[in-house]
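Visitor: Chain order of the listed sequences is A and B.
Each step along the first sequence adds one to the number in this note's numbering, with nothing skipped, and position 68 is 68.
Each step along the second sequence adds one to the number in this note's numbering, with nothing skipped, and position 156 is 1156.
Honestly, the hints are just simulated from the structure, not real lab data.
These numbers were taken from a predicted model, which means no experiment stands behind them.
We put the CB at the ideal spot given by N, CA and C, even for glycine.
Where hints are given, some of them may not hold.
[Said to hold, decoys possible] Chain B is nowhere near these chain A residues, computed Cβ spacing over 10 Å in every case: (1) GLY41; (2) ASN166; (3) ASP211.
[Said to hold, decoys possible] Here are some, though not all, of the chain A residues that point toward chain B, as calculated from beta-carbon distances under 7 Å: (4) SER20; (5) ASP63; (6) ALA145; (7) ASP148; (8) THR169.
[Stated by the list, open to error] Stretch-level coverage of chain A by chain B, calculated; a stretch enters the list once three of its residues show a Cβ under 8 Å from a Cβ in chain B: (9) 65-78; (10) 243-252.
2 protein chains.
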Amino acid sequence: MIIGIDVGGANTKISSADGSIAESYYLPLWKNKDIKSLLEGGLRPKYTGADAVGVVMTGELADCFASKGNGVRFIADAILSVFDDVHFLDANGTFVSDVSEAIASTNWVASANLISTEFPDALFMDIGSTTSDIIPIMDGVPMAAKTDFERLKRNELVYSGILRTNVATILDRVMLDVPCRISSELFAITADVYSVLGEISEDDYTCETADGAGKDAESAMRRLARVVCCDMKEISPQELRQIAKQIKEHQVQSLVDAVLNVCGRFDCGVVIAGGLGEFLAEDVARRVGLKYISLSNRYGKKVSSIFPAYAVARLLETSRRVNPSTCHDLNMGKS
Amino acid sequence: MIIGIDVGGANTKISSADGSIAESYYLPLWKNKDIKSLLEGGLRPKYTGADAVGVVMTGELADCFASKGNGVRFIADAILSVFDDVHFLDANGTFVSDVSEAIASTNWVASANLISTEFPDALFMDIGSTTSDIIPIMDGVPMAAKTDFERLKRNELVYSGILRTNVATILDRVMLDVPCRISSELFAITADVYSVLGEISEDDYTCETADGAGKDAESAMRRLARVVCCDMKEISPQELRQIAKQIKEHQVQSLVDAVLNVCGRFDCGVVIAGGLGEFLAEDVARRVGLKYISLSNRYGKKVSSIFPAYAVARLLETSRRVNPSTCHDLNMGKS
């Protein structure tokens, strides 16, 4: 069995290459860096038969690490201490055994490379819990910049997701009877917005709540009320739903702006979208006039939601099938 | 001795009516609600001679409280358990002994009422660690709305301060060689911005850092770099200072917009400004074409930085001098 691991800042995701296993574990590295215990205790028994492990990551940016280099080494060491045959995908889409910053911020690389085998000209979108990747693929090659910094400049990385994003980073006023400024505290997150709008369930709400209280829609309403410094008795449920809709609209429009910018540089005929926030992508594609293909429809919702882990497993499987000796060499190079 | 206490969400401030004592203690209620221990252990010995205690608060909005009513009661109970003769200022500027939501969000009420005795027509600004109050005073009467919700709508409360504000709530792009999107994580706060710009010292940086690391300018630079997903080697100190300047400019402009809106409704001839962020106010006043009076110049920097605590002590002192029986009655009403 080939497995893929995607270590994000807030979630570690694991998938088998056949998609039969596709799991996400909430592990916010800035609070708890114990990736090793997660892999050893909870997961390894399931994967004792793993022939090889493909790895991508973005968690190196978490601010528990003084630098991304430190983060990469910490994450790689944790995985190498648990599994034997480990292959890191680098920013060019090549499997390597060397641990260096070339393997930082690679989860979109896995997804886009897998997508490109089927759709050589497309715009791949992964709308996640915290960020959204917008990756142009031309002639079978992912064309995004290689670092997060450059991708932020090119609208290929939008730091906005459907669970963990502080709503105060999305807009600075909501429209009620008059425009109303909002609190800049971490009082509510996008998970509250989509909970109130009925777009995610309590099971989908996989991160912590801002106030440590429940993940039910009523608690989410209370947190949204606090964003305008209100108790529930000061504001109506209708107004709170209005606020949630406005936050969603700003988030969708921000994605639309980014997609339009990327499409101004690359002629992408179709949007291929996955991730927990895939439900926003159809609207984005419609607004920019592009066709839309859902990864959930093709692979199932579970695989779509952890797509980079699945993709790196698939890519490693293909790589070993095509050129077993390369993989052997890579593995040898490690020890 | 008369003392004033201002319990904010992040800081509890204490002052004597003569201003000889003016102190601020970092006590983020959502992490540690033990106001009682702070008052008893650290502070009470200093104030054993206190004849009476005036109280204002804003900490009831902290999301450790299910409602503002709960927060008010918790904070009031903590103070009543430590001091005997306690007087709460209500939203109308009256001292009361009843604990109700009428005493919520009152710190600006104390400041504006004290200022109004000297400046009957003015715009009072308190630029704090987390929020900025913009209070019009006409004919000696503070004219701001009575709740935070209404003040947010009227631009009398801008949820932006010079220490704790997540920079990602202030802007969504910075201009480098090209516009660059930013991370929405809590990677850096305004204290980092003003540290990098040399406007605050390490001693002024009284809140926690986002990454738990140092409060020195170099650590602040590293946190600002992370806002554009960079390690220090990916971005120059010049670019980071540029980012800091842009965040400051957005924050100042947001205050200018709010002041212009308030001045459109009230003809305020002069800005009277205090708070930790007083250093931004002169620029704001100049941009809107108003004269400017600094509370630091009149009362000293320490008193300016905890002005509501000082003001409520002064108001209570005056109230007792004018009508001692009222205060006696108030106190009796409590027991």
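Visitor: Among all the numbered hints in the text so far, which are the ones the structure does not match?
Guide: 2, 3, 4, 6 and 10
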